[in-house]
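First residue of the first sequence: 1, per full-length UniProt numbering; consecutive thereafter.
Quick caveat, the hints were computed from the structure, so don't treat them as lab data.
Heads up, a few of these hints could be off.
Claimed, not checked - The calculated lysine to aspartate or glutamate pairs, modelled on DMTMM-like cross-linking and capped at a C-alpha distance of 25 angstroms, are:
| id | residue 1 | residue 2 |
| --- | --- | --- |
| 1 | Lys100 | Glu111 |
| 2 | Lys105 | Glu429 |
| 3 | Lys71 | Asp161 |
| 4 | Lys500 | Glu429 |
| 5 | Lys477 | Glu429 |
| 6 | Lys71 | Glu53 |
| 7 | Lys122 | Glu203 |
| 8 | Lys287 | Glu203 |
| 9 | Lys18 | Glu382 |
| 10 | Lys588 | Asp538 |
| 11 | Lys122 | Glu17 |
| 12 | Lys100 | Glu203 |
| 13 | Lys481 | Glu510 |
| 14 | Lys87 | Glu205 |
| 15 | Lys18 | Glu333 |
| 16 | Lys378 | Glu78 |
| 17 | Lys118 | Glu43 |
| 18 | Lys621 | Glu611 |
| 19 | Lys105 | Asp534 |
| 20 | Lys378 | Glu333 |
| 21 | Lys87 | Asp15 |
Claimed, not checked - The calculated label-pair distances, taken between Cβ atoms and stated as ranges, are:
| id | residue 1 | residue 2 | range |
| --- | --- | --- | --- |
| 22 | Pro715 | Thr290 | 50 to 58 angstroms |
| 23 | Ser314 | Ser361 | 20 to 28 angstroms |
| 24 | His688 | Glu611 | 46 to 54 angstroms |
Quick caveat: nothing in here was measured; it's all calculated off a predicted structure.
Think of the CB as a built atom: it goes at the ideal place given N, C-alpha and C, for glycine as much as any other residue.
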Amino acid sequence: MNEEDIAARNFVTTDLEKGSVSLGTKTLSLNFISRIKNDLHIEYDTCQTALREWFTFGSPATAYMIVLGNKNIELMQEDPMTNGIFKILPQCHAAPHYFKWRRPKDASVSEIRTKVIKLINKMTKLLMASVWISTGFPMRYTELSILSVGGTSRNLYVDSDTRLFYFRVTYNKNRKFDNRIFMMDLPVTRNLFWFVYILRPFEIELLSQMLDVTDSSMLIGHFTNAVRQEIEHEAEELLATDGDEFNEETNQLVETSEALIEELRTKQAAGLAVMCTCIFVDVERFKLVTLSTFNGILLKYPKKRSARENMKISGLRQCLAGLWKDIIRPSLEGDVVPVRTPALFGHSKQTHEVVYGVNPSRDFPTNGSFDDYYAYKKLAQEFQSLTQYTLVQTKRTFEALVVEPQERQCHEAEAGIYDLLKAGGELFENFEFKSSAQERFTSAVLNSNERLLALQAITAFGRSLTFILPMLALKRKQRGKYVHFVAVPYESLKMATRTKLENAGLVVGETGMLTDLHAEANLSGVDVLVGCFDSYGDAGVADAMKRCEKVFSTRRSRGIFVFDEAHVLWLEKSFRDIFHSVKGLNWKSFLKVAFVFAKLPEWLLERICQERRIENEVWEKRLYVDAVKKAPNQNIPVDVENVRKIQIVERTAAMILNYLGNSTASKAVFFFGAKATMDAVRRRVNNHEVGMVHADLDSETKRSIFDDFENPDSPARVILGTKLISNGLDCASVNCVCVIDCNMTIIEYLQMIGRIRGEGYVKVMVTRAASMRREIDEDDPLMRILRALPDSRRSLGPS
DNA sequence: ATGGCTCGCTGGATAGACGG
DNA sequence: CCGTCTATCCAGCGAGCCAT
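Model the full assembly from the supplied sequences, consistent with the hints where possible.
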């Protein structure tokens with residue numbers, strides 16, 4: 001290599017201050033890698049969840065926990081002669097988690113099959129990138145693409161200590177450094193495990209027809225290419241030596257290859273063999289995932305466009321070498337690293353010196369003669385701990401990422417995931433978690449080292465299950481040991497929560513019982529106490545809570561304390577001072593303190609915790625899970641109109657008729673501030689397509705009107721009501737909400753427009769200037785939340 | 001340091017998806 | 001329905017890599 005060549009190369013430069021390395025204009029840091037990892041992980045998770053529309057199956061986390069991560073299942077001895085990962089851990093263990101069609105007839109719908117195959121293909125690529133980047137020592141593309149779980153070249157292994165997957169890569173480009181170890185981290189292992197053990201058998205089943213028929217095409221494709229090169233090579237030689245025309249017809253090689261291809265065509269099992277051998281198969285096109293596809297994925301991460309560095313495989317490899325040299329190695333303890341790190345990249349000494357500016361013996365002095373397995377493992381763990389999956393919280397938006405709970409020392413479990421699933425099974429037939437975020441949070445409530453747990457999630461997420469299941473599981477495992485507490489903001493929610501808990505099979509009491517005369521006797525069988533926030537501030541209750549041990553028998557201890565809809569603690573504090581009294585409890589003594597809410601950034605949560613005097617040591621051991629991938633209803637257009645009072649009835653009636661005339665299947669909700677207006681409108685549009693509820697009706701009649709409206713087949717398409725009906729109405733096809741001259745708080749407004757689940761629009765008609773009570777002043781942090789919403793939402797009400 | 005051989009990048013072509 | 005955008009494929013080449 002001459003001087004000019006060297007000068008022309010892009011060298012990696014290091015910025016120690018920022019902890020990053022640069023290649024030309026592109027910058028790589030550990031934080032950047034962790035963002036990529038995180039985003040890939042979330043995307044995979046999203047796809048996995050999307051599949052649940054058609055299937056039931058065990059999620060990666062559950063399946064891993066119960067099968068591969070379960071140390072009660074012994075791994076078979078590694079035997080160099082037996083190939084196939086399923087010899088080490090038989091596939092049958094995963095069978096209970098296999099895919100099942102929700103509606104078996106879907107299996108024959110080709111649109112659904114196409115969608116599913118696309119999703120699977122996407123996941124294949126995401127997983128590929130995850131695997132590649134998580135090890136810290138990225139493979140060459142060729143090495144990655146041929147990773148396999150079976151056959152003579154199988155290179156997936158399980159570390160029996162950590163129960164994590166790793167790859168041993170021998171690649172003939174560089175025989176000198178064979179058997180490099182690539183250790184996956186936990187999230188990647190989970191996903192890969194699920195992919196190989198649960199998704200793959202399903203893929204094979206889904207594609208069985210194609211595997212039977214067009215079966216060997218992917219092998220043939222590969223083979224043909226390889227052979228064609230040989231042929232061309234030979235043809236050239238022939239031409240060079242004696243000038244004969246190269247005749248494909250009579251050529252020996254062509255003959256052999258065609259015979260082989262023919263053989264593959266007839267051999268039905270070839271496609272199956274590939275599916276059982278290779279991991280990264282493009283099931284849409286029946287071939288291995290190509291390099292450009294893979295680079296395409298790398299270029300799309302992190303998700304956030306402005307944060308991308310547009311690095312491809314080679315740039316990343318180069319930068320990673322720089323990171324190891326200047327950032328990671330110095331952070332390792334001692335002066336030596338256990339292995340010659342550059343070896344992990346599969347390069348020679350010389351290449352590093354020249355191209356990467358790394359001198360292995362100078363920059364990575366080793367302490368051992370040979371690179372050994374444990375050393376590789378240690379380095380991979382070091383890298384992974386430096387690029388953890390972390391919460392990336394942007395200041396102004398709710399754009400959110402799921403926190404991957406870090407691995408911690410296990411403490412003794414009161415109950416485990418089995419118990420959660422069992423509890424779920426008692427409540428619902430074929431119970432399974434709706435999302436992995438739900439599953440993760442729920443198991444954290446039951447069993448993790450965190451003391452304070454916070455969950456931000458939308459209404460349909462299944463938030464209440466995240467604490468009901470752990471309560472149930474604890475009740476089964478430790479009967480009578482724990483008393484749990486649930487605090488909710490409103491009286492109506494209290495009743496609803498009571499019902500939910502009772503239906504789940506828990507014995508429920510109210511906080512008021514704590515101050516009863518015969519509290520001790522009454523409370524003996526109670527599992528959980530429900531009360532409004534302010535009831536915990538009541539002097540008598542607060543006192544009783546403080547001497548819990550006296551009120552309850554000494555055998556019982558404090559279980560989970562749940563703040564449901566915790567954002568209200570902040571939103572309403574300015575006008576309900578009594579909330580301030582919910583404090584001064586000995587929070588440390590609870591098994592867990594859990595906050596669940598629709599919207600509450602972590603910094604606000606912190607302030608709430610300070611106000612409730614939640615001890616620092618509890619706060620420090622916290623887990624904040626943000627399952628809101630997108631602020632709900634963010635893109636819904638809002639139209640605010642000032643209308644003269646005298647016109648309002650007529651305008652509203654016209655709007656209803658217009659709506660009924662224009663749309664066919666969707667539904668609309670009209671909220672009225674005054675019952676008189678509603679009645680007047682009702683008189684104008686009194687037909688079977690319009691329903692109406694008001695406070696005078698008894699609850700049964702109300703329910704039946706709701707049910708009628710929620711039923712997609714019924715003619716009822718518009719419902720009129722006061723703002724009270726915003727609780728309890730849940731209909732997926734609502735696409736229009738009209739708010740007619742209502743006095744409302746921001747919370748009520750959000751609740752009303754929350755009726756729209758997907759696309760839709762909001763119309764607000766007002767007659768007075770002060771249509772929204774100004775309970776929240778401009779300096780209130782709530783306004784900062786609202787400012788993150790689109791303008792139309794903020795400028796609600798006349799300015 | 002040199003030369004040969006691969007790997008991975010490039011950019012145009014094409015098919016397919018998307019959105020108005 | 002059509003133009004636009006996006007993903008993928010393909011072929012060719014230059015940089016990267018390795019052996020000597």
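To see whether the hints hold, each was checked on the structure:
1. Lys100 - Glu111: holds, 18 angstroms
2. Lys105 - Glu429: holds, 20 angstroms
3. Lys71 - Asp161: Holds, at about 9 angstroms.
4. Lys500 - Glu429: Roughly 17 angstroms between the alpha carbons, so the hint for Lys500 and Glu429 holds.
5. Lys477 - Glu429: Within the cut-off at roughly 21 angstroms; holds.
6. Lys71 - Glu53: violated, 32 angstroms
7. Lys122 - Glu203: holds, 13 angstroms
8. Lys287 - Glu203: This hinted pair holds, its Cα atoms lying about 14 angstroms apart.
9. Lys18 - Glu382: holds, 19 angstroms
10. Lys588 - Asp538: holds, 21 angstroms
11. Lys122 - Glu17: violated, 37 angstroms
12. Lys100 - Glu203: This hinted pair holds, its Cα atoms lying about 12 angstroms apart.
13. Lys481 - Glu510: Answer holds: Lys481 to Glu510 is near 18 angstroms, not above 25 angstroms.
14. Lys87 - Glu205: Holds, because 21 angstroms separates the two Cα atoms, which is no more than 25 angstroms.
15. Lys18 - Glu333: holds, 21 angstroms
16. Lys378 - Glu78: Holds - the C-alpha atoms of Glu78 and Lys378 are around 21 angstroms apart, at most 25 angstroms.
17. Lys118 - Glu43: Distance of about 14 angstroms is within 25 angstroms: holds.
18. Lys621 - Glu611: Holds - the C-alpha atoms of Glu611 and Lys621 are around 18 angstroms apart, at most 25 angstroms.
19. Lys105 - Asp534: violated, 52 angstroms
20. Lys378 - Glu333: The hint holds at about 12 angstroms.
21. Lys87 - Asp15: Violated - the C-alpha atoms of Asp15 and Lys87 are around 47 angstroms apart, more than 25 angstroms.
22. Pro715 - Thr290: 50 to 58 angstroms: Given a distance of about 54 angstroms, which is inside 50 to 58 angstroms, the answer is holds.
23. Ser314 - Ser361: 20 to 28 angstroms: Taking Cβ atoms as reference, Ser314 and Ser361 lie about 24 angstroms apart, which means the hint holds.
24. His688 - Glu611: 46 to 54 angstroms: holds, 51 angstroms
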